[in-house]
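There are 2 protein chains.
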Amino acid sequence: MTNVRIVIAGFGNVGRGLVKLLLDKDELIERQHGLKIEVVGVGDSSGFVYRTDRPFTRDELSKMLQLPRGGLAKSGMGHVTHDICKVLDYTIPDFLIDLTPANYETGEPGLTYQLEALRRGIGVITANKAPLVLRFRELTGLAKRRRVPYGYRATVFGGVPIIDVLKHLAAHSIKKVEGILNATTNYILTRVFFDNYTLNDAIEEARKIGVMEANPALDLEGIDAAAKITIIANTLGLDIAFQDVERVGITALTEDYIQELRRNKKCVKLLAVLDVEKKKAKVAPIELDISDDLAQVKYLLNAVRIETDYNNILIKGVGGGPLETAVNVLSELIELAQRWLS
Amino acid sequence: MTNVRIVIAGFGNVGRGLVKLLLDKDELIERQHGLKIEVVGVGDSSGFVYRTDRPFTRDELSKMLQLPRGGLAKSGMGHVTHDICKVLDYTIPDFLIDLTPANYETGEPGLTYQLEALRRGIGVITANKAPLVLRFRELTGLAKRRRVPYGYRATVFGGVPIIDVLKHLAAHSIKKVEGILNATTNYILTRVFFDNYTLNDAIEEARKIGVMEANPALDLEGIDAAAKITIIANTLGLDIAFQDVERVGITALTEDYIQELRRNKKCVKLLAVLDVEKKKAKVAPIELDISDDLAQVKYLLNAVRIETDYNNILIKGVGGGPLETAVNVLSELIELAQRWLS
Numbered sequence: 427m428t429n430v431r432i433v434i435a436g437f438g439n440v441g442r443g444l445v446k447l448l449l450d451k452d453e454l455i456e457r458q459h460g461l462k463i464e465v466v467g468v469g470d471s472s473g474f475v476y477r478t479d480r481p482f483t484r485d486e487l488s489k490m491l492q493l494p495r496g497g498l499a500k501s502g503m504g505h506v507t508h509d510i511c512k513v514l515d516y517t518i519p520d521f522l523i524d525l526t527p528a529n530y531e532t533g534e535p536g537l538t539y540q541l542e543a544l545r546r547g548i549g550v551i552t553a554n555k556a557p558l559v560l561r562f563r564e565l566t567g568l569a570k571r572r573r574v575p576y577g578y579r580a581t582v583f584g585g586v587p588i589i590d591v592l593k594h595l596a597a598h599s600i601k602k603v604e605g606i607l608n609a610t611t612n613y614i615l616t617r618v619f620f621d622n623y624t625l626n627d628a629i630e631e632a633r634k635i636g637v638m639e640a641n642p643a644l645d646l647e648g649i650d651a652a653a654k655i656t657i658i659a660n661t662l663g664l665d666i667a668f669q670d671v672e673r674v675g676i677t678a679l680t681e682d683y684i685q686e687l688r689r690n691k692k693c694v695k696l697l698a699v700l701d702v703e704k705k706k707a708k709v710a711p712i713e714l715d716i717s718d719d720l721a722q723v724k725y726l727l728n729a730v731r732i733e734t735d736y737n738n739i740l741i742k743g744v745g746g747g748p749l750e751t752a753v754n755v756l757s758e759l760i761e762l763a764q765r766w767l768s
Numbered sequence: 427m428t429n430v431r432i433v434i435a436g437f438g439n440v441g442r443g444l445v446k447l448l449l450d451k452d453e454l455i456e457r458q459h460g461l462k463i464e465v466v467g468v469g470d471s472s473g474f475v476y477r478t479d480r481p482f483t484r485d486e487l488s489k490m491l492q493l494p495r496g497g498l499a500k501s502g503m504g505h506v507t508h509d510i511c512k513v514l515d516y517t518i519p520d521f522l523i524d525l526t527p528a529n530y531e532t533g534e535p536g537l538t539y540q541l542e543a544l545r546r547g548i549g550v551i552t553a554n555k556a557p558l559v560l561r562f563r564e565l566t567g568l569a570k571r572r573r574v575p576y577g578y579r580a581t582v583f584g585g586v587p588i589i590d591v592l593k594h595l596a597a598h599s600i601k602k603v604e605g606i607l608n609a610t611t612n613y614i615l616t617r618v619f620f621d622n623y624t625l626n627d628a629i630e631e632a633r634k635i636g637v638m639e640a641n642p643a644l645d646l647e648g649i650d651a652a653a654k655i656t657i658i659a660n661t662l663g664l665d666i667a668f669q670d671v672e673r674v675g676i677t678a679l680t681e682d683y684i685q686e687l688r689r690n691k692k693c694v695k696l697l698a699v700l701d702v703e704k705k706k707a708k709v710a711p712i713e714l715d716i717s718d719d720l721a722q723v724k725y726l727l728n729a730v731r732i733e734t735d736y737n738n739i740l741i742k743g744v745g746g747g748p749l750e751t752a753v754n755v756l757s758e759l760i761e762l763a764q765r766w767l768s
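As given, the protein sequences belong to chains A and B, one line each in that order. So for the first sequence, the working numbering puts the first residue at 427; every next one is plus one. So for the second sequence, the working numbering puts the first residue at 427; every next one is plus one.
Keep in mind that the hints were calculated from the coordinates and are not lab data. Warning: the hint list may mix true and false statements.
Pairs count within a copy or across copies, as identical chains cannot be separated in the list.
What the hints assert, rightly or not - Subject to a maximum C-alpha distance of 25 Å in a straight line, what follows is the list of computed DSS-like cross-link-like pairs (lysine-lysine):
(1) Lys724 <-> Lys691
(2) Lys724 <-> Lys602
(3) Lys634 <-> Lys708
(4) Lys724 <-> Lys634
(5) Lys446 <-> Lys601
(6) Lys593 <-> Lys634
(7) Lys601 <-> Lys706
(8) Lys500 <-> Lys446
(9) Lys706 <-> Lys593
(10) Lys489 <-> Lys462
(11) Lys602 <-> Lys446
(12) Lys634 <-> Lys570
(13) Lys512 <-> Lys601
(14) Lys724 <-> Lys692
(15) Lys462 <-> Lys724
(16) Lys634 <-> Lys706
(17) Lys691 <-> Lys704
(18) Lys500 <-> Lys602
(19) Lys462 <-> Lys593
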């Protein structure tokens with residue numbers, strides 16, 4: 427049995443999902459993978475709570491799940507600080523799990539958290555895209571120099587390990603990667619082209635059922651998808667910056683245009699496309715025949731199509747819901763901890 | 427730069443494909459992955475040729491590609507032996523690549539080759555299903571005890587790293603895996619249900635275009651697919667033996683039945699199905715609506731659907747053609763060599 431000490435930064439939907447999974451699956455993880463995962467610190471916007479004497483108990487973790495947003499600091503559940511360095515130096519975790527919200531301007535607070543962890547030789551697993559989008563080479567390079575694992579599978583296509591699949595194609599020459607990487611816009615466009623909603627009604631519904639980001643531009647203007655294709659491009663060794671991704675959202679689609687497409691058995695998908703040979707990435711509404719594989723990826727599903735010199739691979743599954751993302755984070759934690767610590 | 431010495435056992439379509447890829451991609455592999463792959467031995471039914479003083483040159487490898495089947499021993503290209511122990515002890519490779527034909531009765535000659543390699547602390551990469559199907563625990567256990575890499579990605583769904591995807595789902599509870607794992611029968615059934623061929627005509631065509639195994643029962647009776655689902659089951663920790671896989675082939679489908687299905691917009695696919703909870707695997711012709719995702723996987727494509735407690739993932743791509751398999755073997759070699767040797 428190997429003990430794996432973790433600090434969880436970010437206690438929103440994904441953070442809570444991860445704690446819930448740890449409570450549900452601790453026996454399975456011990457039995458099947460020989461790991462005992464111990465939470466020694468958890469942080470939200472109010473600060474980190476952490477323990478140095480012992481990990482949080484099951485009871486304490488269950489109670490955390492009942493706290494309101496931003497309620498950790500006042501919960502009385504351990505030492506409290508805003509200082510990530512203190513948390514890391516006093517708890518000495520094996521992994522920092524960054525589940526803080528993406529800030530594409532500064533990358534903060536995740537960027538600092540990740541850098542401080544890596545500098546100390548602490549492994550990082552992140553579902554937060556922003557630090558990677560802004561500083562891919564620095565973060566992965568630092569992890570490599572310090573010889574610690576850096577896992578970011580959950581940043582793209584939350585539910586499916588697509589980043590790993592790309593890494594497994596080492597002997598292929600990858601020509602093109604294209605995909606439906608944002609579930610919200612895919613939900614909206616499915617409503618429009620397959621259920622005859624107007625664009626406005628579909629957007630309104632997405633907002634109501636809670637699948638839209640607090641800042642709608644992240645979804646509707648393709649920012650989220652652009653962040654993901656940037657991470658894919660850099661994974662493949664291309665030095666493409668976020669601001670170099672050509673980006674068109676879905677809000678400018680007119681009803682006339684939509685009706686014309688419907689008549690011609692076509693639809694629009696918001697595709698993120700990476701042309702590896704030209705080293706160009708874009709996110710744009712693209713017309714597809716409704717018989718196309720990608721057209722048939724509906725509602726909250728995501729999909730990626732990978733074209734190589736020797737294959738043409740399609741992968742489809744549930745995209746980044748909070749629990750799907752959390753289960754991907756936990757899967758990667760198990761895998762990296764086994765390889766690194768046991 | 428890390429040198430990676432390999433012995434290739436088996437010089438049929440996949441073995442020749444691998445050598446061709448090594449010749450085509452050696453610069454890419456050096457530049458992108460920092461590896462120089464050196465072939466120090468190659469074997470076919472006539473025996474192994476090997477060199478102890480230096481690896482085979484590009485010229486020699488090119489000449490090997492011109493040899494007739496079973497022509498290595500008489501090629502004058504190095505020392506000759508039938509004894510795998512000599513080859514391994516004299517060449518001291520890092521990896522043995524087993525591309526010999528699958529013999530589901532004995533596992534030979536691959537089984538002995540693999541065991542002798544692992545005992546010596548030599549890594550193994552295999553596209554040969556038979557040894558794994560017969561002795562999964564022994565082979566993977568021996569590799570683990572000797573702490574050497576054992577890669578078998580190319581045994582299932584040649585073109586796509588599905589074995590790795592399954593391993594990446596560590597925190598998921600996998601409920602069911604089902605797939606179209608045999609390209610030949612999928613080609614035949616696509617001809618029958620989508621192009622209105624009779625079953626006999628479709629089988630005849632598959633034979634003519636060279637996609638049928640020398641022993642047709644391997645394809646038509648589901649033996650190949652059963653071997654693959656056995657490997658998937660064991661990868662997931664289930665102790666399912668090849669002979670426990672319930673198996674029905676496609677030769678008993680009658681024209682009446684086929685026509686009735688066509689009328690009802692249905693088709694048959696030869697599916698390999700693993701029910702993880704019941705610990706049961708089967709291969710059988712299964713009726714699907716033609717709108718089903720798996721029904722739409724046509725001709726030489728393969729696909730796998732993975733149902734877990736948190737996702738439902740579909741992966742589709744070209745199955746096991748010789749070059750697709752070889753590129754998967756090479757990808758795995760690059761990945762394992764990087765992790766193990768550099």
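* **Hints violated by the structure (listed by number, smallest first)** => Of the numbered hints, 3, 6, 12, 13, 15, 16, 17 and 18 do not hold.
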